[in-house]
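Colleague: Fit chain B to the supplied structure of chain A, relying on the hints for placement.
There are 2 protein chains.
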Amino acid sequence: MITIDATHDPALKSWVPGADGHPDFPIQNLPYGIFSLGADGEKRPAVAIGDKLLDLSAISGLLPVELRGPTLNALLALPAERRLALRRKLSELLSNENHRPALEPHLHDRSAVTMHLPAAIGDYTDFYVGIHHANNIGRQFRPDNPLLPNYKYVPIGYHGRASSIRPSGVPLVRPKGQRKPPEADAPVVGPSARLDYELELGVWIGRGNDLGEPIPIAEAADHIAGFCLLNDWSARDFQAWEYQPLGPFLAKNFQSTISPWVVTAEALAPFRIAQPARPEGDPKPLPYLWDEDDQAAGALGVELEVQLLTAKMREQGLPPHRLSKGPASNMYWTVAQIVAHHASNGCNLQPGDLLGTGTISAPTDDGFGSLMEISRGGTRPVTLPTGEERSFLQDGDEILLSATARAEGYVPIGFGECRAVVLPAR
Amino acid sequence: MITIDATHDPALKSWVPGADGHPDFPIQNLPYGIFSLGADGEKRPAVAIGDKLLDLSAISGLLPVELRGPTLNALLALPAERRLALRRKLSELLSNENHRPALEPHLHDRSAVTMHLPAAIGDYTDFYVGIHHANNIGRQFRPDNPLLPNYKYVPIGYHGRASSIRPSGVPLVRPKGQRKPPEADAPVVGPSARLDYELELGVWIGRGNDLGEPIPIAEAADHIAGFCLLNDWSARDFQAWEYQPLGPFLAKNFQSTISPWVVTAEALAPFRIAQPARPEGDPKPLPYLWDEDDQAAGALGVELEVQLLTAKMREQGLPPHRLSKGPASNMYWTVAQIVAHHASNGCNLQPGDLLGTGTISAPTDDGFGSLMEISRGGTRPVTLPTGEERSFLQDGDEILLSATARAEGYVPIGFGECRAVVLPAR
Numbered sequence: 030m031i032t033i034d035a036t037h038d039p040a041l042k043s044w045v046p047g048a049d050g051h052p053d054f055p056i057q058n059l060p061y062g063i064f065s066l067g068a069d070g071e072k073r074p075a076v077a078i079g080d081k082l083l084d085l086s087a088i089s090g091l092l093p094v095e096l097r098g099p100t101l102n103a104l105l106a107l108p109a110e111r112r113l114a115l116r117r118k119l120s121e122l123l124s125n126e127n128h129r130p131a132l133e134p135h136l137h138d139r140s141a142v143t144m145h146l147p148a149a150i151g152d153y154t155d156f157y158v159g160i161h162h163a164n165n166i167g168r169q170f171r172p173d174n175p176l177l178p179n180y181k182y183v184p185i186g187y188h189g190r191a192s193s194i195r196p197s198g199v200p201l202v203r204p205k206g207q208r209k210p211p212e213a214d215a216p217v218v219g220p221s222a223r224l225d226y227e228l229e230l231g232v233w234i235g236r237g238n239d240l241g242e243p244i245p246i247a248e249a250a251d252h253i254a255g256f257c258l259l260n261d262w263s264a265r266d267f268q269a270w271e272y273q274p275l276g277p278f279l280a281k282n283f284q285s286t287i288s289p290w291v292v293t294a295e296a297l298a299p300f301r302i303a304q305p306a307r308p309e310g311d312p313k314p315l316p317y318l319w320d321e322d323d324q325a326a327g328a329l330g331v332e333l334e335v336q337l338l339t340a341k342m343r344e345q346g347l348p349p350h351r352l353s354k355g356p357a358s359n360m361y362w363t364v365a366q367i368v369a370h371h372a373s374n375g376c377n378l379q380p381g382d383l384l385g386t387g388t389i390s391a392p393t394d395d396g397f398g399s400l401m402e403i404s405r406g407g408t409r410p411v412t413l414p415t416g417e418e419r420s421f422l423q424d425g426d427e428i429l430l431s432a433t434a435r436a437e438g439y440v441p442i443g444f445g446e447c448r449a450v451v452l453p454a455r
Numbered sequence: 030m031i032t033i034d035a036t037h038d039p040a041l042k043s044w045v046p047g048a049d050g051h052p053d054f055p056i057q058n059l060p061y062g063i064f065s066l067g068a069d070g071e072k073r074p075a076v077a078i079g080d081k082l083l084d085l086s087a088i089s090g091l092l093p094v095e096l097r098g099p100t101l102n103a104l105l106a107l108p109a110e111r112r113l114a115l116r117r118k119l120s121e122l123l124s125n126e127n128h129r130p131a132l133e134p135h136l137h138d139r140s141a142v143t144m145h146l147p148a149a150i151g152d153y154t155d156f157y158v159g160i161h162h163a164n165n166i167g168r169q170f171r172p173d174n175p176l177l178p179n180y181k182y183v184p185i186g187y188h189g190r191a192s193s194i195r196p197s198g199v200p201l202v203r204p205k206g207q208r209k210p211p212e213a214d215a216p217v218v219g220p221s222a223r224l225d226y227e228l229e230l231g232v233w234i235g236r237g238n239d240l241g242e243p244i245p246i247a248e249a250a251d252h253i254a255g256f257c258l259l260n261d262w263s264a265r266d267f268q269a270w271e272y273q274p275l276g277p278f279l280a281k282n283f284q285s286t287i288s289p290w291v292v293t294a295e296a297l298a299p300f301r302i303a304q305p306a307r308p309e310g311d312p313k314p315l316p317y318l319w320d321e322d323d324q325a326a327g328a329l330g331v332e333l334e335v336q337l338l339t340a341k342m343r344e345q346g347l348p349p350h351r352l353s354k355g356p357a358s359n360m361y362w363t364v365a366q367i368v369a370h371h372a373s374n375g376c377n378l379q380p381g382d383l384l385g386t387g388t389i390s391a392p393t394d395d396g397f398g399s400l401m402e403i404s405r406g407g408t409r410p411v412t413l414p415t416g417e418e419r420s421f422l423q424d425g426d427e428i429l430l431s432a433t434a435r436a437e438g439y440v441p442i443g444f445g446e447c448r449a450v451v452l453p454a455r
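Order-wise, the sequence lines are chains A and B. Our numbering applies: residue 30 is where the first sequence begins, and numbers increase by one. Our numbering applies: residue 30 is where the second sequence begins, and numbers increase by one.
The shape of chain A in the complex, shown without the other chains:
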């Protein structure tokens, strides 16, 4: 089990200037990432602290785990107790002033480095556990019956594209593709006219399982190394035309954006909360998806937010405009349940695999996780402070996702940046 220890102590301070009180990366967080000095520099592992990062490859001798190379896959694959030992050591190194002379030369300003994907992602799977999202989208297609009969039994998921996942900051080129206007006899090809974002959490798989060997729900937490933010960009017009009968394909595989820091399961220990009770009358999960401990502490006390910055807002020096805000606990299934389900048929998960939760929407407008929901399928545009309207994204729009974990008596920790700007189609 993941435990709360001295590394979470709210009284703990860091000698790194600006780390204490940092909204994302105080010493209680200690997320891992891969950086380089310059876009083409050598890729190296790091831990974020305040507005700095510490180059872990340079202080290898001080750590209980050797960290080198261009990905974190080996770190993610470590047994939980070794990851915990690493966290405790880093907590000590960054809090005890005695280590400052040895470590300070290996601190870099985060604003001055290039961040990369934290892992080589073998497979990427996206789920659909945001029940309010599923209801909102389902209602647009089937007003009387938004949720399909399997939804409350099966953690619905599908395989996504690993190669096109990019870290925060890499611009998105508006995709071209087929769409069929309702009034037309045949589809047309062109830039997506209904480009959307989707607010999701990403789950980094740690230890894998062998092919043919399911992961019992009670062990699922041991396979979860950490979390990130995930923007599952979606071309709604392509999706509507292509998705029957095999699901989304070109509507979603042109790019997905993630925050580059792995916020560890260890760091999130104080922020675990009970899974929200299922509504009266909903079926109890099948035995392979049911675990009392997971129900008691399998959800995350994390607040999610989406902001939009248009080109005009940038010109006028305006701050980003909040599109939605809501808790991550609006998930019908826990992350342990999606991991156990994924492996229940023997499918092998591997260290560095990424799972998306699916869009997490709150029940009300101010917490909807996509423009498709906010604008009611494009029929009710949002008005921005500039007077601009948005049903879907325009070229030059930038989407910023953020997340903060909060719990009474603990220092809040954040997930860092997950942003990307939309460039015109080529």
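Hints were generated in silico from the structure; no laboratory data involved. Bear in mind the structure is a predicted one, so any value in this text is a computation, not a measurement.
Ranges between beta-carbon positions, derived for each pair:
| id | chain 1 | residue 1 | chain 2 | residue 2 | range |
| --- | --- | --- | --- | --- | --- |
| 1 | A | Pro-305 | B | Pro-453 | 37 to 43 Å |
| 2 | A | Gly-67 | B | Ser-140 | 50 to 56 Å |
| 3 | A | Gln-273 | B | Glu-133 | 53 to 59 Å |
| 4 | A | Ser-86 | B | His-128 | 46 to 52 Å |
| 5 | A | Gly-67 | B | His-137 | 42 to 48 Å |
| 6 | A | Glu-309 | B | Phe-170 | 31 to 37 Å |
| 7 | A | Ser-89 | B | Ala-325 | 56 to 62 Å |
| 8 | B | Ser-86 | A | Ser-86 | 29 to 35 Å |
| 9 | A | Gly-198 | B | Ser-89 | 39 to 45 Å |
With a cut-off of at most 30 Å between alpha-carbon atoms, the simulated DSS-like pairs for lysine-lysine come out as follows:
| id | chain 1 | residue 1 | chain 2 | residue 2 |
| --- | --- | --- | --- | --- |
| 10 | B | Lys-209 | A | Lys-181 |
| 11 | A | Lys-313 | A | Lys-181 |
| 12 | B | Lys-181 | B | Lys-354 |
| 13 | A | Lys-209 | B | Lys-181 |
| 14 | A | Lys-313 | B | Lys-209 |
| 15 | A | Lys-118 | A | Lys-42 |
| 16 | B | Lys-313 | A | Lys-209 |
| 17 | B | Lys-72 | A | Lys-72 |
| 18 | A | Lys-341 | A | Lys-354 |
| 19 | B | Lys-72 | B | Lys-118 |
Beta carbons are placed, not taken as given, at the ideal position from N, Cα and C, and that holds for glycine.
Modeller: Relative to the frame of chain A, chain B by itself:
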């Protein structure tokens, strides 16, 4: 363009005993693979010739391309002209008796080695281009309207699971999962009762494209390095319950089996045939999917076959029983079209990615590519020579896929073995 040259000369002979007249691997084929001596031995690249293979890492000095390491990804990524130079050199080495003393020590019996996956598969995508299969399956769900409106415009595809792809010979453990019996109120969990195979061709991607940069249809062939056989094992009961609205997931990701040899696009040059004409009244492909040269020579003159060997047949010493046989040209879209479509929104393909065609069925019973079709959804079981009946696969059943390319005036070449036996659920 892929050209026919002296390496395809039907008069060309090899000094390797048994290579001439070999049904799969005469000197005109020269497919690449990864082998080891013993299951845990070092993985090395090889070329197959008759019942032997030649260890390419051992003769590196003789080749125009350095080949080492546990995967063929670097070889697949080579520009077509460098792959062609390698093929020509190997053809000369294995035909000219002068090279025999130098090479013979590096030949191994294929029956004595372990074959591995030929490449590290970054992403695996499965298509649905077998129009008779789409009709057959569609008819079981929608008798009056088997093909959905998008089928003749969109090469339908979806992302599959890369981690669970295994080479020929690795047994398949029957998966467990949720299924909902029609008469039941709720799903039950247990071993799949409707386990099926699917006969497909696999397409190995060679050179990749950058994210955001589509592959024009006229250049698609340059990105296709070779082909294999692919058995897309499917749990039909899981599939029926889970697949709405996001497509197949646990019904298909528990294992896929491929033949371990990459039959190159170069080797298949003489076997290219015209894409079958679309039925009268079908729409012309959209411009990004239309290329005259591809229509003229974008299909493959390959015959596909499926055989079944049950435990009882094995006990009685009976040979495998043929379930179906038919031409690979029963594809509504060419492989160039599926590559161009996949990248049309900017999705980046990478060397070693694998595309499946989807099940290739002929129009008649004797060419159906799955038991779901042959048994009409389980209502018309097949009777085997032992008197056994099969609607779906039983434990102990082995499925064997094979393929042979044939063309008037050329030596036929085959794809090698793609087989796996079904083990009981754990």
